Each structure stands twice: as C-alpha cells, then as structure tokens.
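A.B. asks: Let's have the full structure, built from the sequences with the hints guiding it.
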Amino acid sequence: MSTNLIILGVIVIALILMYNSLVSKKNQVQNIFAGVDAQLKKRYDLIPNLVATVSKYMEHEKSLFTEVTKLRAEANRPNISDEHKIALDAKVSSALGSIMVAVENYPELKANENVMHLQASLNEVEEQISAARRAYNQAVTDYNNAIEMFPTNFMANAMNYIKKDVFQITENERKNVNVKELFNS
Amino acid sequence: MKSLSELTDFYYKVLFAALKKLEKDRKQLQYRLIVVAILFTLFTFALYSFVFSMMGSSSDIMMFFAFGYFALGAIIYKMLIKDYTKEFKEKVIHPLIKELDSNLNYESKQHLSQKYFRDSKLFNSTIDRYSGNDFVHGEIDDIHIEFSDIHAEKRHKSSKGKDNWSTVFQGLFIVADFHKHFSGSTVVLPDSAQSTFGDLIGGWLQSKNASREELVKMDHPEFEKEFVVYASDQIEARYILSHSLMQKLLVFKKRSKHPLHISFVGQSINLAIEYNKDLFEPSVFRSLLDYKIAMEYVQTLHLCIGIVEELKLNQKLWSKQ
Chain E
170 MSTNLIILGV IVIALILMYN SLVSKKNQVQ NIFAGVDAQL KKRYDLIPNL VATVSKYMEH
230 EKSLFTEVTK LRAEANRPNI SDEHKIALDA KVSSALGSIM VAVENYPELK ANENVMHLQA
290 SLNEVEEQIS AARRAYNQAV TDYNNAIEMF PTNFMANAMN YIKKDVFQIT ENERKNVNVK
350 ELFNS
Chain W
2 MKSLSELTDF YYKVLFAALK KLEKDRKQLQ YRLIVVAILF TLFTFALYSF VFSMMGSSSD
62 IMMFFAFGYF ALGAIIYKML IKDYTKEFKE KVIHPLIKEL DSNLNYESKQ HLSQKYFRDS
122 KLFNSTIDRY SGNDFVHGEI DDIHIEFSDI HAEKRHKSSK GKDNWSTVFQ GLFIVADFHK
182 HFSGSTVVLP DSAQSTFGDL IGGWLQSKNA SREELVKMDH PEFEKEFVVY ASDQIEARYI
242 LSHSLMQKLL VFKKRSKHPL HISFVGQSIN LAIEYNKDLF EPSVFRSLLD YKIAMEYVQT
302 LHLCIGIVEE LKLNQKLWSK Q
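If you read the protein sequences in the order shown, they are chains E and W. Counting from 170, one number per residue, gives the positions in the first sequence under our numbering. Counting from 2, one number per residue, gives the positions in the second sequence under our numbering.
Since the hints were made in silico from the structure, they are not lab data. Bear in mind the structure is a predicted one, so any value in this text is a computation, not a measurement. Treat the hints with caution; some may be incorrect.
As the list claims (entries may be wrong) - Restricting the straight-line Cα-Cα distance to at most 25 Å, the calculated cross-link-like pairs of lysine-lysine (DSS-like) are:
| no. | chain 1 | residue 1 | chain 2 | residue 2 |
| --- | --- | --- | --- | --- |
| 1 | W | 255 | W | 293 |
| 2 | W | 255 | W | 278 |
| 3 | E | 195 | W | 218 |
| 4 | W | 92 | W | 28 |
| 5 | W | 218 | E | 332 |
| 6 | W | 79 | W | 155 |
| 7 | W | 83 | W | 278 |
| 8 | W | 278 | W | 254 |
| 9 | W | 209 | E | 195 |
| 10 | E | 231 | E | 279 |
| 11 | W | 110 | W | 79 |
| 12 | W | 218 | E | 333 |
Claimed, not checked - Non-contacting residues of chain E with respect to chain W, defined by C-beta distances greater than 12 Å in every case (computed):
| no. | residue |
| --- | --- |
| 13 | 183 |
| 14 | 191 |
| 15 | 214 |
| 16 | 221 |
| 17 | 222 |
| 18 | 230 |
| 19 | 231 |
| 20 | 232 |
| 21 | 242 |
| 22 | 273 |
| 23 | 276 |
| 24 | 280 |
| 25 | 323 |
| 26 | 329 |
All C-beta atoms, glycine included, are put in the ideal place defined by N, C-alpha and C.
C.D. replies: See the structure below:
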C-alpha cells in the first residue's frame, strides 16, 4: 500500500515539475517577445522622421518610401499576431536597408547632419533588435525542445502547446564578409 | 600600438644597458642570498639544538621552529631583494609601459582600488585581505584603462581558532571603458560545470546557480563551451556580447592562456586573468636576458595594454559619440 502511495507521489511531483517548466518556458518566450516588440517599435518610430528628411531629395526611390510607410502602418494596427510581427520585421529590415544603400548615392544627403543622426539611431536600434532577436530565438528553441522532447512532449500535447517560429536571420547577416570579392568589385 | 616583436626588440636593444647593470646586481644578490640562506639555516639549526638540549623533543617546538624559519626567511628574502626589485621596475617595467603607450602612468607600489574589484561582480565571496602592486592607468584613444596585480583573499577560522587564508583571486585585474550603453550587469565566467559534467547535467547545474543572476545561453558554440554567461537581462547580454565580441574574447582567452573572467557593469568592462602568481616581479635566480623571462614581461604587458585595440573598445558606437 505504502509503496503504491510513494510511486503515486513521485508521479505527481514529476507531473508538477514538468507542467511548471513548460509554463515557465512559455512565459520566457512571451517575456522576451515583449522586449523584441519594444525594440521594433522604437524602429517604427524612427520611420516617419526618416521619410520626412530624405524623401524630398530622393525622387527616384519613391516606391521604397511608400512601402516602408505601408509596413509601418500595418505594424501599428492593433491585435496583430506575433508571427505577423516577425514577418513584418524581416520586410522592414530589408526595405530600410535598401533606403540606406540608396542614401549613399546622394552626397548632399550623406553629409546632412540630420540624416547622419538618423542613420546613427537606426544603426543603434538595429543592433538592439538583433540582440533581442537572438534572445527570442534562444527562448523559442528551449520552448520547442521541451515540446518535442520526451517526456515533456506528452504534457505539452495535453496542454495544447504548439511549436513557435524563430526569427530568420537574413542571408546578409549570416554571410561573412568576403574580402576577395570586395577587391574584385 | 607597438607590435610584440617591436617591443621585444625594444627590450633587448634600448633597455640593454640597464639590463646589463641589473644582471650584475642580480648575480651579486644571488650570491648574497645563498650565503644568507646558509647562515640563517645554520643559525636556526643551532638554536633548535640548544632548545632541544634544554627542553627535550616536542612536536610543538619543532612546528614553531619550522614556522619561524619560513616566515622569517620570507621577510629576510623580501628585504634583500627590495632594492633590486625597485630598480628593476623603474628601469625595465616602466619604460616598457611608456613604450607601449606614452599616455599611461605607472606606480609600482599602488594597486587598483578595491571598489572596482567589488563592483565587478566577478567574485562573490567576501574579501578579507586585498593587496596588489604594479598599477597602470591612463587613456588610450580616449578609452580609460586601469590595471594592476591583485591578490584577494578570504579568511577561514580553523577548528583551533587560527586564521587560514585562501586565495579568491590572484592575477591581473583590468578595468576599461566599454563602448556600449547598458544598465544591468553581465558576467562571463570560465565554464567549469559544463566541461566537468557534460552538457546536460552541467547545463542544469549552471541554471541552478543561486548566487548568480539568470543563465544566458549564447548562440556561439565555441564561446558557450569556454564560458558561461549570467546576466540581469537576456536581451542586454546579447546586445553587449555580439558575435564579433565573443569571437574576440575567445581569441584573447587563447592568447592569455589563463582562466579569464569578464564582466560588464556600469560603464566598464572588467577582465580578471587568473595567473595565480605575482606578475612583473624580477627574476632572481634566472637571467633577465633569458628569452623566456623577457617574454613573460613583454607578452603580459602587451596583452593588457592591447585589449583596447584587440576588443575594439576604441571604436565608439553610435550611441556613445
């Protein structure tokens, strides 16, 4: 009788530990996503300023500005899902990247103090977003591992936890600088 | 900054005259030390025989003599090499530092303030005795840097009520301005648990370290294998430890060849390199012109002063312009 009770007790404790660890992993993901979101918002806040400063000089790149403004409006809509935010982040990163590359073609813009300041703020935010993305990816990996690994996978199934997406690191970020190519171009 | 080979050249060419003179002093000192050691040993032995004949054998008396012999011997040794040490630091270490960067100041008897040591959050245990020497401070490319030899110890009470001292840290402690803004603290320590117990159990042990803040798993396998990171903020830790900085710290660790503790607190980066001995002391029983001895001084100084360039601390980021 007493052995049965002990076994039952061990099982209950194991279940509680598994349940708690899953919940804490899920909360960690949410917590860090809030951090990512705060950084993303900072970058969205820079966009109107950037557009106002540079768009009048850059007539040929009108389409880029419309796109960025559109993306910003989309991101500012209430109640968009985390997956959607992740997808938008990738698009905004590439659009802003293109604008910054285009700025290089306008010497008077490059020397403009306002633009330089904006560029600096943008770089800083990008750096912070990159750190937040890496933190988020780690939290999601821990969470996904727990969901897929034995024995927590049964518990996760019962709790209806599903796998989450990580931020894709864009090809440009991952690629190492090829010095040889730089000299050839 | 001067390269390592340029500095070695400087040691053997410019400092040659000074080294020659020191070498002469060293030989005399060596001779004197041996004579004093023999006399001192004979004297102790004679005194012991006298006490022995008066009071008979007892383990307490033997212990007392052994202890006295070593303690007094150490004091006599320190006294004898004092002038030679002073001369060496003035004529060799000081010029080497000036040669590396003329903006740096050197004070052979001072050490880094204990406040920095405490604030670094690198060592959690209480420090009851804090000493050091060879204090270097100044600005390199507008980056403030300070370092010195540090010996931090903790007191234990033995069962008999005697004090025992154990070393918490001995080696070089470097503090420099860091080029990014942050508000929390991030601590990078040598990874002992994971290498001893493997990934699974070691990782679990690390996450349960109650004396530290949150465990941060880094996305750099090699770095993760060498170090363990604890921080107050997951995102901030990754903001500080970018991939390129992790890579540079790994290179620095390999070059220093000693356990490395790093922390980012306040506005600065703190590096503690565990040598477990007092550095920049003159060699007494081996020639100062010996390549291996010379390289120890030259390399260590080059490593410390080089961190500003090595870790690119002088490339101020946008936020700190």
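A.B. asks: It remains to establish, for every hint, whether it holds in the given structure.
C.D. replies: Results for each hint:
{"no.": "1", "hint": "W:255 - W:293", "result": "holds, 19 Å"}
{"no.": "2", "hint": "W:255 - W:278", "result": "holds, 19 Å"}
{"no.": "3", "hint": "E:195 - W:218", "result": "holds, 17 Å"}
{"no.": "4", "hint": "W:92 - W:28", "result": "holds, 17 Å"}
{"no.": "5", "hint": "W:218 - E:332", "result": "holds, 20 Å"}
{"no.": "6", "hint": "W:79 - W:155", "result": "holds, 23 Å"}
{"no.": "7", "hint": "W:83 - W:278", "result": "holds, 18 Å"}
{"no.": "8", "hint": "W:278 - W:254", "result": "holds, 18 Å"}
{"no.": "9", "hint": "W:209 - E:195", "result": "holds, 19 Å"}
{"no.": "10", "hint": "E:231 - E:279", "result": "holds, 18 Å"}
{"no.": "11", "hint": "W:110 - W:79", "result": "holds, 14 Å"}
{"no.": "12", "hint": "W:218 - E:333", "result": "holds, 18 Å"}
{"no.": "13", "hint": "183", "result": "holds, 15 Å"}
{"no.": "14", "hint": "191", "result": "holds, 15 Å"}
{"no.": "15", "hint": "214", "result": "holds, 16 Å"}
{"no.": "16", "hint": "221", "result": "holds, 20 Å"}
{"no.": "17", "hint": "222", "result": "holds, 17 Å"}
{"no.": "18", "hint": "230", "result": "holds, 23 Å"}
{"no.": "19", "hint": "231", "result": "holds, 28 Å"}
{"no.": "20", "hint": "232", "result": "holds, 28 Å"}
{"no.": "21", "hint": "242", "result": "holds, 26 Å"}
{"no.": "22", "hint": "273", "result": "holds, 17 Å"}
{"no.": "23", "hint": "276", "result": "holds, 21 Å"}
{"no.": "24", "hint": "280", "result": "holds, 16 Å"}
{"no.": "25", "hint": "323", "result": "holds, 20 Å"}
{"no.": "26", "hint": "329", "result": "holds, 26 Å"}
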